[in-house]
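Engineer: In case you want the letters, here they are:
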Amino acid sequence: MDLLRHLAFFVTVAEERHFGNAARRLTIAQPPLSQGVRRLETRLGVRLFDRGPGGVSLTGAGRDLLPRARALLDDADALAAAARRQAEAAQLLRIGVVAGLGPRVAARLATRAGRAAARRVALTSGSTVTLVDAVSVGTLDVAVVAHPVVLESARAGPVVALPTAVLLPAAHPAAAGDGPVALRALRDLDLATAPRSHAPAAHDLLLDTLETRGRPVRAAEADDPAAALTLVATGTAFALTPDPDLGADGVVRRAPAGAPLAFRVRVVHHDGAPPGVVDVLADTLREVR
Amino acid sequence: MTDLAGARAEVRAAFRDAGVRGWLHARPVSGDGSRWSEREIDVGADVPVVMGSVYKVLVLVAFCRAVDAGDLDPREQVTVEPGPRTPGPTGISALTDPVTMSWRDLTRSMITVSDNAAADVVHARVGRDRVAALPTELGLPGTRVRGGTADAYAELVADTGADDVAAAFAVLTDNDVPVPVRLLSPAFGSSTTAADSTRLLTLLWRGELASAAGTAFARRVLTAQVAPHRMRTGFPGTAAVAGKTGTIGAVRNEIGVVTYPGEHPVAVAVFTHAARSDATVPRADAAIGVAARAAVNPLRAPAA
Numbered sequence: 001m002d003l004l005r006h007l008a009f010f011v012t013v014a015e016e017r018h019f020g021n022a023a024r025r026l027t028i029a030q031p032p033l034s035q036g037v038r039r040l041e042t043r044l045g046v047r048l049f050d051r052g053p054g055g056v057s058l059t060g061a062g063r064d065l066l067p068r069a070r071a072l073l074d075d076a077d078a079l080a081a082a083a084r085r086q087a088e089a090a091q092l093l094r095i096g097v098v099a100g101l102g103p104r105v106a107a108r109l110a111t112r113a114g115r116a117a118a119r120r121v122a123l124t125s126g127s128t129v130t131l132v133d134a135v136s137v138g139t140l141d142v143a144v145v146a147h148p149v150v151l152e153s154a155r156a157g158p159v160v161a162l163p164t165a166v167l168l169p170a171a172h173p174a175a176a177g178d179g180p181v182a183l184r185a186l187r188d189l190d191l192a193t194a195p196r197s198h199a200p201a202a203h204d205l206l207l208d209t210l211e212t213r214g215r216p217v218r219a220a221e222a223d224d225p226a227a228a229l230t231l232v233a234t235g236t237a238f239a240l241t242p243d244p245d246l247g248a249d250g251v252v253r254r255a256p257a258g259a260p261l262a263f264r265v266r267v268v269h270h271d272g273a274p275p276g277v278v279d280v281l282a283d284t285l286r287e288v289r
Numbered sequence: 001m002t003d004l005a006g007a008r009a010e011v012r013a014a015f016r017d018a019g020v021r022g023w024l025h026a027r028p029v030s031g032d033g034s035r036w037s038e039r040e041i042d043v044g045a046d047v048p049v050v051m052g053s054v055y056k057v058l059v060l061v062a063f064c065r066a067v068d069a070g071d072l073d074p075r076e077q078v079t080v081e082p083g084p085r086t087p088g089p090t091g092i093s094a095l096t097d098p099v100t101m102s103w104r105d106l107t108r109s110m111i112t113v114s115d116n117a118a119a120d121v122v123h124a125r126v127g128r129d130r131v132a133a134l135p136t137e138l139g140l141p142g143t144r145v146r147g148g149t150a151d152a153y154a155e156l157v158a159d160t161g162a163d164d165v166a167a168a169f170a171v172l173t174d175n176d177v178p179v180p181v182r183l184l185s186p187a188f189g190s191s192t193t194a195a196d197s198t199r200l201l202t203l204l205w206r207g208e209l210a211s212a213a214g215t216a217f218a219r220r221v222l223t224a225q226v227a228p229h230r231m232r233t234g235f236p237g238t239a240a241v242a243g244k245t246g247t248i249g250a251v252r253n254e255i256g257v258v259t260y261p262g263e264h265p266v267a268v269a270v271f272t273h274a275a276r277s278d279a280t281v282p283r284a285d286a287a288i289g290v291a292a293r294a295a296v297n298p299l300r301a302p303a304a
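First to last, the sequence lines map onto chains A and B. Each residue of the first sequence is one higher than the one before, counting from 1 in the numbering used here. Each residue of the second sequence is one higher than the one before, counting from 1 in the numbering used here.
There may be inaccurate statements among the hints.
[Said to hold, decoys possible] Just the calculated beta-carbon pair ranges, DEER-fashion: (1) 164(B) to 179(A): 40 to 46 Å; (2) 179(B) to 130(A): 23 to 29 Å; (3) 179(B) to 92(A): 29 to 35 Å; (4) 188(B) to 211(A): 34 to 40 Å; (5) 17(B) to 211(A): 17 to 23 Å; (6) 17(B) to 255(A): 29 to 35 Å; (7) 228(B) to 236(A): 37 to 43 Å; (8) 17(B) to 250(A): 30 to 36 Å; (9) 130(A) to 224(B): 41 to 47 Å; (10) 156(A) to 124(B): 32 to 38 Å.
[Stated by the list, open to error] If you only want the chain B side, here are some residues facing chain A, beta carbon under 8 Å, derived: (11) 18; (12) 19; (13) 277; (14) 283.
What the hints contain is simulated information worked out from the structure, not anything from laboratory work. Every value quoted in this text rests on a predicted model; they were computed, and no experiment measured them. Don't be surprised by glycine CBs; every beta carbon is placed ideally from N, CA and C.
Please construct the entire structure, taking both the sequences and the accompanying hints into account.
Structural biologist: Structural data, given as structure tokens:
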């Protein structure tokens, strides 16, 4: 016999105190309902209901067993829900994108990756270090992070060098005109950038590169792109961004003079990442301008 | 043992902050020979790692044993011609003309300035098979020496598709194009583990690998190593730091023995692989000192 089904009969009849109403609620006919309850009583070896002319009432045993029956049914529902979540997770691509790339690029990356994997996508935005850790422990399938980075146990995919634009205060003398901005002209400004702890190696490489190009900088930590924009808009810092959309009132966007300044990103992935996703992400990154 | 757990956390934090993956082992060189200390610091100590020039310590041990056995006269003069000499930035590798010196001075140059050319001729003289057999003889199950520096460079040139060693290293240091090369994988080249490395140094320091004279020579040349930028940065001037570095692209290593006056020496091995490919990453060098210091301090004890 189907114990869970018959327990559901028991609970419904107990709530309705009436076989006809219970049958309607269960959308079955009354005879199989009555038969199911009788079978349950036989199996349990106790009578659950007193059937009188005025209706149905619980016996003492019935009252005692009712909460346990409800608990079993609730557990069964929870089991089914957990199984459903597991099944959905297998249909889900969990992707991380480093916050610096901006929402439009991140959404495009996630959309294309999801299409390539034929799965729904869940996008996480965060720091490079946390995303690599998440891929390492398997809570993300794939991520686009700043390069260079210590990979822990994540698998290494291709590196793509994205060009960056200079964001500077509109009131700054170097903002006059439309041409590229020489980094040396920004001497009085700090560099608004993600905290070093978000990606130590990439952070150090950027500062070393600027120093090599004649523009040693002090880094002003900005937890996210909005914080960086604020530092720029208030005239204390400039920023370098690969995000084609990033901007704000009082902030001017210019190309850097001389050789492009790269924001290097790397696709890192978990062993179980669906095939093709890494290549699609790398191809999509190469289109970012 | 919270001080040891704390030290492990400190070591991991030093690696993370420097942007490197790291593996470390440290243990005191104490006891009466058969007794091993139970106190140790282990951060991935049994994971296979790329050796780089750290393998030269095994050549040094093989050299001392060959001298002890009477197979080799350490004073014999040998001339090394420039043509077939292994390239490198230091020692006779960096010179232009034929060089004549004794076997023991070649050995000294191999260790103190990591002279690649000297290492390859000493390695050939003591016997590649003898060096290859040493790890098994000494009970270092995670250690393999496959060829010398010249062989490693030949592989590097092949893997990078470059014309010569200098061009190959240029490819290796490009942050835009990470190249998978055999030299940077412990599965292919010479490899060891941090725990094997401290065992080797401990046995050497206790005099169990060579005669008293040979041991003294080996300890002297390791103490004379000229490498102020890694392990040495972690310790004050009063501490003697004997060691041998190893470097290939993003791989930076040093194994050594740190001795404070009046204390037991502590053997420590640090192997790192940086995220950045740049030839020079001072933070990664310094992290070796920071990690070594964090590991050595809780193991220090007065000599009985």
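Engineer: Each hint: holds or not?
Structural biologist: Taking the hints in turn, this is what the structure says about them:
Between residue 164(B) and residue 179(A), the C-beta spacing of about 42 Å keeps the proposed range 40 to 46 Å intact. Hint check: residue 179(B) to residue 130(A), Cβ distance near 28 Å, so the stated range 23 to 29 Å holds. At about 34 Å, the beta-carbon gap between residue 179(B) and residue 92(A) stays in the expected band of 29 to 35 Å. For the hinted restraint 34 to 40 Å between residue 188(B) and residue 211(A), the CB-CB distance of approximately 36 Å keeps it satisfied.
Distance hint check: the CB atoms of residue 17(B) and residue 211(A) are about 19 Å apart, consistent with the given range 17 to 23 Å. Range check, residue 17(B) to residue 255(A): about 33 Å between beta-carbon atoms, so the 29 to 35 Å window is met. Restraint check, residue 228(B) to residue 236(A): a C-beta distance of roughly 39 Å satisfies the suggested window 37 to 43 Å. In this structure, residue 17(B) and residue 250(A) meet the distance hint of 30 to 36 Å, their C-beta atoms being roughly 35 Å apart.
The given range of 41 to 47 Å is respected by residue 130(A) and residue 224(B), whose C-beta atoms sit roughly 45 Å from each other. Our hint of 32 to 38 Å for residue 156(A) and residue 124(B) holds, since their Cβ atoms are close to 37 Å apart. Taken as an interface hint, residue 18(B) checks out: its beta carbon lies about 7 Å from the nearest beta carbon of chain A, inside 8 Å. For the restraint placing residue 19(B) at the interface with chain A, the shortest Cβ-Cβ distance is roughly 3 Å, inside the 8 Å limit, so the hint holds.
Against a cut-off of 8 Å between C-beta atoms, the interface hint on residue 277(B) holds, since the closest Cβ of chain A lies about 7 Å away. Taking 8 Å as the C-beta contact cut-off toward chain A, the hint placing residue 283(B) at the interface holds, the least distance being around 6 Å.
This entry satisfies every hint, going by the numbered hints stated previously.
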